Amino acid sequence: MPRRLIPLVALAALLVTACGGDEAKGPLTVYSGRSEELVQPLIDDFMEATGIEVEVRYAGSTDLAATLLQEGDATDADVFFAQDPASLGSVAAMLATLPEEILDRVDSRFADSEGRWVGTSGRVRTFIYNTSGTIALPESVDDVTDPRWAGQLGVAPTNGSFLAFVAAMILERGEDATAEWLADLAAVEPQDFPGNSPIVAGTDSGEVQGGLVNHYYLFRLRSEGGGNNAENWFFPAGGVGNLVMPAGAGIIDGTDMTESAQRFVDFLLSTEAQRYFADETFEYPLIEGVEPVAGLPALTDIDAPAIDLSALAGLLDDATRLVTEAGL
Amino acid sequence: MTAGPVTIPRESPAKSPRRRGASRGWWAAAAVVLLPTLIPPLSLLWQLITNGPGALPPTLRLLELFAGTLGLTIAVTATALALGTATAWLTSRTDLPARRWWLIIAALPLVIPSYMAALTIIGATGPSGLLSNWLGFVIPTPFGFVGAWVALSVFLAPLAHLIITPALRLIDPATEEAATGLGAGKLRVFFTVTLPLLRPALVSAGLMAGLYTISDFGAVSLLRFDTFTRAIFTLYAGQLDRRPAATLSLMLMALALLILFVERRTRSRADYHLTSTGRQRRPQHIDGWARLGSFVFLGSYALVSLALPVAVLVFWLTRGLGAGAELGTFWAETGRSVAVSVGAALASAVAAIPIAMITTWRRGRFSDAASGSVWAIYALPHITVGVAVIGFALEWAQPLYQGLALLLLTYVAMFLAQSVSTTQDSLRRASPELEEASRGLGRGPLSTLGRITIPLVAPGMAAGAALVFLSVMKELPATLLLRPTGFETLAIRIWSATGEGFFARASVASLALLGVSIVPLLALTYRDLRN
Numbered sequence: 001m002p003r004r005l006i007p008l009v010a011l012a013a014l015l016v017t018a019c020g021g022d023e024a025k026g027p028l029t030v031y032s033g034r035s036e037e038l039v040q041p042l043i044d045d046f047m048e049a050t051g052i053e054v055e056v057r058y059a060g061s062t063d064l065a066a067t068l069l070q071e072g073d074a075t076d077a078d079v080f081f082a083q084d085p086a087s088l089g090s091v092a093a094m095l096a097t098l099p100e101e102i103l104d105r106v107d108s109r110f111a112d113s114e115g116r117w118v119g120t121s122g123r124v125r126t127f128i129y130n131t132s133g134t135i136a137l138p139e140s141v142d143d144v145t146d147p148r149w150a151g152q153l154g155v156a157p158t159n160g161s162f163l164a165f166v167a168a169m170i171l172e173r174g175e176d177a178t179a180e181w182l183a184d185l186a187a188v189e190p191q192d193f194p195g196n197s198p199i200v201a202g203t204d205s206g207e208v209q210g211g212l213v214n215h216y217y218l219f220r221l222r223s224e225g226g227g228n229n230a231e232n233w234f235f236p237a238g239g240v241g242n243l244v245m246p247a248g249a250g251i252i253d254g255t256d257m258t259e260s261a262q263r264f265v266d267f268l269l270s271t272e273a274q275r276y277f278a279d280e281t282f283e284y285p286l287i288e289g290v291e292p293v294a295g296l297p298a299l300t301d302i303d304a305p306a307i308d309l310s311a312l313a314g315l316l317d318d319a320t321r322l323v324t325e326a327g328l
Numbered sequence: 329m330t331a332g333p334v335t336i337p338r339e340s341p342a343k344s345p346r347r348r349g350a351s352r353g354w355w356a357a358a359a360v361v362l363l364p365t366l367i368p369p370l371s372l373l374w375q376l377i378t379n380g381p382g383a384l385p386p387t388l389r390l391l392e393l394f395a396g397t398l399g400l401t402i403a404v405t406a407t408a409l410a411l412g413t414a415t416a417w418l419t420s421r422t423d424l425p426a427r428r429w430w431l432i433i434a435a436l437p438l439v440i441p442s443y444m445a446a447l448t449i450i451g452a453t454g455p456s457g458l459l460s461n462w463l464g465f466v467i468p469t470p471f472g473f474v475g476a477w478v479a480l481s482v483f484l485a486p487l488a489h490l491i492i493t494p495a496l497r498l499i500d501p502a503t504e505e506a507a508t509g510l511g512a513g514k515l516r517v518f519f520t521v522t523l524p525l526l527r528p529a530l531v532s533a534g535l536m537a538g539l540y541t542i543s544d545f546g547a548v549s550l551l552r553f554d555t556f557t558r559a560i561f562t563l564y565a566g567q568l569d570r571r572p573a574a575t576l577s578l579m580l581m582a583l584a585l586l587i588l589f590v591e592r593r594t595r596s597r598a599d600y601h602l603t604s605t606g607r608q609r610r611p612q613h614i615d616g617w618a619r620l621g622s623f624v625f626l627g628s629y630a631l632v633s634l635a636l637p638v639a640v641l642v643f644w645l646t647r648g649l650g651a652g653a654e655l656g657t658f659w660a661e662t663g664r665s666v667a668v669s670v671g672a673a674l675a676s677a678v679a680a681i682p683i684a685m686i687t688t689w690r691r692g693r694f695s696d697a698a699s700g701s702v703w704a705i706y707a708l709p710h711i712t713v714g715v716a717v718i719g720f721a722l723e724w725a726q727p728l729y730q731g732l733a734l735l736l737l738t739y740v741a742m743f744l745a746q747s748v749s750t751t752q753d754s755l756r757r758a759s760p761e762l763e764e765a766s767r768g769l770g771r772g773p774l775s776t777l778g779r780i781t782i783p784l785v786a787p788g789m790a791a792g793a794a795l796v797f798l799s800v801m802k803e804l805p806a807t808l809l810l811r812p813t814g815f816e817t818l819a820i821r822i823w824s825a826t827g828e829g830f831f832a833r834a835s836v837a838s839l840a841l842l843g844v845s846i847v848p849l850l851a852l853t854y855r856d857l858r859n
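Residue numbers (this note's numbering), protein chains in the order written: chain A, 1 to 328; chain B, 329 to 859.
Hint data in this document are derived by calculation from the structure and do not stem from the laboratory. Keep in mind the model is a prediction, meaning the values are calculated, not measured. Every residue gets a Cβ at the ideal spot worked out from N, C-alpha and C, and that includes glycine. Any given hint could turn out to be false.
Facing chain A, from chain B, some residues (calculated, C-beta under 8 Å) [stated by the list, open to error]:
hint, residue
1, T469
2, G648
3, A825
4, G827
Please take these sequences and the hints and turn them into a complete structure.
This is the structure in structure tokens:
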């Protein structure tokens, strides 16, 4: 090589390095409303497979959504990975539209109507019951408020999933009917728990006979050596009681790491990750060809309501208000 | 100099110009240290002024919350003080066998976070609870007021025990013996002589326990008793509009200030400066039924507050391990927890000196305001402090946002009340004239600081540092909001594992938290033992 070309080649190499992909700009920051216990192993797999460094900020989904809104443009986050569609929806204005090839992998009812977030695993609202109990199981969520359950129910009125379910009910039946259902629920004096997991544990121990929860907490309890006296019950009459609430992810608009962020979301919808959600977190995989864990009915066999999940976010504050007004 | 408590007027007479100069130094230092404690309340007020109060719950509900919070605070404070005074007296003023061991054991429950206390009660009672299984009959889980009251009292009593023990040792036996000599019975002496002399220590411990109760979320949420703090957390968790939660937090702060105001008003005009520790007193002889009763009391207290929580944790751990649950990592989390706790403990021990100084030895027009701002932030729910600090940082101090420095500063501000309180206790045991004498003898201000002031407040600084260490180890809500991304602590680990039902992992992290927290507590009680 002629000697005078060397500086030119060096300069070109430098330029290529400087512009070559965004991986060089430091770690991908993920705000995760999903627990470290549940998703860190998966994130470790992603880092190993791609060489992309990921930093995760774990906190509650609603907390992170509020933090993102507070931070606005100043945020460090590149990806928001949340427990529920309501949290994702509330920051939808801050999210970039996802590429078609990502959105196409999942049934459109589990993604934002404008393509700003995509569901990554399915969580189904269900009724947990104590198997040695004698109370006839409820046909639907309206049967749960029947007097035969008086004092025997566990609910988590401040829990995000319960509030999302109430928001879905508002969407399906309107505010008045929802307020009425909540009043009926308060009338049977359910016991108030801080979250789903304690309700499942309380039902297993016989402290309560049944409760409104998400389906996978029972499987969690079983892998800790408990859960032998409880079972899930999907309401045979269908309706909002069987709401499917995907956990999901979106990419922050204006991130300088779009490529890495897309690879991350893409990874969450890979067969490997979906297998992980099915087997390790006992959720429903959302892509074709991956089956849920043994003991769960197929997602298509659950009579779930047709709800526009993108609309849930706007109703979250109303749901909180109605729950408080009902005195739960 | 005669032994015994010397009552001196609140405003020291004869202020020399030199003394006033030294005061200005302390006042300036105090002003700097107080700034961080003002950030959350000012940030909340600013939000209220610019954005309005938001949609508040109906007045009736607010009154309910007010009554619930106040009722719980009074009940917990009274119970914790009674329990703590009893354990302190039995272990330091009697000839009870093995009392030195009991002195340590009675302090240990302080390492247990309120959420763990509540989980213990839930895990031990109810149809399949540990205790119900052992006893063969079902103890109903005490949800509501009773549960929250028991959990908080039992785990705040060690705080009173720790603060009252050294104070009890400082009471000059001559005073009590004089009363006995004049014909007063043992109980009468205790209530009319001992308790009034303990008043400053009781007030410190009472404020610490009471205002902590106001801010607590762990126990009231798990045991389902409605307080302001529980309502505030619920508002933050359930809705994106943060204004109502901020407004409720300001109301809660007003309640804390009201309590402080009442305490100020009812306080006797005199301050006690114990200028001599008096001669060694003979321990009170206890025998027969009294001895048996004391053992039963201490034993059942240790059982409920120590053995039970550890048993529940070990139960979850072994059950999980039996089912093949993985334990995950906790070493890095332990390291981070210890690092921030040590940092915050040391910083608040130093920061407490000027504030303790201007509120005990150099009281002035703003002393009460300084105390007020320290206690007000201590009483705020930690989530409110976190949100307010985020608001402040994003608006005015962007480079500090999600940084370790801001997290440490917030810890110091939140828990400064503890180190200020213990440092005040130290200062009260000496007279301000000591400092003046040193300067009168020609020592410069720095030399006086190093040779007189620091040695005098050292025990209080150490006690304060230990208390702050313990508080930071347990702290969760503000840490979650303010930590640097990826900076997971033991408390965060426990939270995330418990929330998803990973009980075995939560147990391991909890045991690590208890193990580490015991170290400073042992150091503190060892000091009490030696004296």
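Item to complete: Hints the structure violates: just list their numbers, smallest first.
Response: When the structure is compared with the hints, none of them turns out to be violated.
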